[in-house]
Amino acid sequence: MLLLRDVLARSLFEKYQRDFSLLNEVLDAYEPAANRIANTVAVSFVDERERVIRQQQDAIRELSTPVLPVRERLLILPIIGVLDSERARQLTEQLLTGIRTHRAKVVVIDITGSPDVDEAVANHLVQTVDASRLMGASVIITGLSPKIAQTLVTIGVDLSKMNTIGDLQGGLEEAERLLGFTVTRKEGVPSS
Amino acid sequence: MNGGPALVSIMRQGQTLIASVHAALDDSQLARFEHDLIEQIGRHRSRGVVIDVAALDVIDSFAAHTLRRVADMARLHGARTVIVGIQPEVAFTMVRLGMGTGDVPTALDLEEGLAMLTGGLSGVTGGLTGGQASGPAGGKLT
Chain A
1 MLLLRDVLAR SLFEKYQRDF SLLNEVLDAY EPAANRIANT VAVSFVDERE RVIRQQQDAI
61 RELSTPVLPV RERLLILPII GVLDSERARQ LTEQLLTGIR THRAKVVVID ITGSPDVDEA
121 VANHLVQTVD ASRLMGASVI ITGLSPKIAQ TLVTIGVDLS KMNTIGDLQG GLEEAERLLG
181 FTVTRKEGVP SS
Chain B
1 MNGGPALVSI MRQGQTLIAS VHAALDDSQL ARFEHDLIEQ IGRHRSRGVV IDVAALDVID
61 SFAAHTLRRV ADMARLHGAR TVIVGIQPEV AFTMVRLGMG TGDVPTALDL EEGLAMLTGG
121 LSGVTGGLTG GQASGPAGGK LT
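Residue numbers (the numbering used here), protein chains in the order written: chain A, 1 to 192; chain B, 1 to 142.
Just chain A, with the same shape it has in the complex:
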């Protein structure tokens, strides 16, 4: 863009070099217009990029806390990566609306992929469990890392209200038991 401006200016110089005052006049008119065009292009370019970045951020945020129905009235929330307070807030929001839309009875929150949380987020997690209970769904938390377990004990959570199970498989089995599902292996299917 700037190159184009220079090239145009040069051609103007060549065209009007015999008449100096005319050249001055032309340049006076030309410079602001060229600057303006350059400015507009640059600004809209930046705007567009920011719009794309915002869109991607929104998409990442949406994807970061998926609420997945696995069986009738059973939801799974896998949490991967660090849980900060913003993500925790979003998780709560999506979980609670998910409970309503899917009419969930049991929710399994799997935090295997989240190595550590701070006390505020741990507290938030406990509040989420309570809020889900108010909506008639019971929550099973699976995959607690030793560090998170330590945090939960340190902040003095009432552990009798928390249903926690070692891994996601155990959590799913417990959830299926609560909902009355039984999973059986079909005869004659070779186990790999």
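Hints were generated in silico from the structure; no laboratory data involved.
Backbone N, C-alpha and C fix where the C-beta goes; we use that ideal spot for every residue, glycine too.
A hint or two may mislead.
Sample of chain B residues with no beta-carbon within 10 Å of chain A, all distances over it, derived [stated by the list, open to error]:
| no. | residue |
| --- | --- |
| 1 | S9 |
| 2 | Q15 |
| 3 | A31 |
| 4 | R32 |
| 5 | H35 |
| 6 | R43 |
| 7 | R69 |
| 8 | L76 |
Per label pair, the in silico range of CB-to-CB distance [unchecked claim]:
| no. | chain 1 | residue 1 | chain 2 | residue 2 | range |
| --- | --- | --- | --- | --- | --- |
| 9 | B | G78 | A | R71 | 35 to 41 Å |
| 10 | A | S160 | B | H44 | 32 to 38 Å |
| 11 | A | G156 | B | Q13 | 39 to 45 Å |
| 12 | A | R61 | B | D57 | 23 to 29 Å |
| 13 | B | G78 | A | Q57 | 33 to 39 Å |
Please arrange chain B on chain A, whose structure you already have, making use of the hints.
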């Protein structure tokens, strides 16, 4: 009790009373609701009460307290209470402010609440303590 139209409708369905709250209640209306409901439980000899708060977008501490009181009084009259239809935002606000529903079980909506009561009513003798000890989901899911 104050006059004016009732903001809560109390309907009878077999042995169960369904109390549907239509709008946010102020303190005197809550007191009136409490009075009406207990009176109806006594009159119909109900065994279960479902309080539907789906229309409420705010439940303050006094309302939560009243709901717990109603449930306690209903228990004294031999009826189990389930609170249904708490909205997601309301649920989280209640938890943040540290005011749950105490021992009172909750369910997603009216249908769930009724199912919970009929499930529990079949074994009424141990139903009360058993249902609470095992939490909202345990015992009612088969």
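Hint check:
1. S9: holds (22 Å)
2. Q15: holds (21 Å)
3. A31: holds (23 Å)
4. R32: holds (25 Å)
5. H35: At roughly 25 Å from the nearest Cβ of chain A, H35 (chain B) sits farther out than 10 Å, so the non-interface label holds.
6. R43: Holds, because the least Cβ-Cβ distance between R43 (chain B) and chain A comes to about 29 Å, which exceeds 10 Å.
7. R69: Per Cβ check, R69 (chain B) is outside 10 Å of chain A; nearest 17 Å; holds.
8. L76: Non-interface label stands for L76 (chain B): nearest chain A Cβ at 24 Å, farther than 10 Å.
9. B:G78 / A:R71: 35 to 41 Å: At 36 Å between Cβs, range holds.
10. A:S160 / B:H44: 32 to 38 Å: holds (36 Å)
11. A:G156 / B:Q13: 39 to 45 Å: At 43 Å between Cβs, range holds.
12. A:R61 / B:D57: 23 to 29 Å: Given about 25 Å between the Cβ atoms, the range holds.
13. B:G78 / A:Q57: 33 to 39 Å: violated (56 Å)
Of the hints listed earlier, the one the structure fails to meet is number 13.
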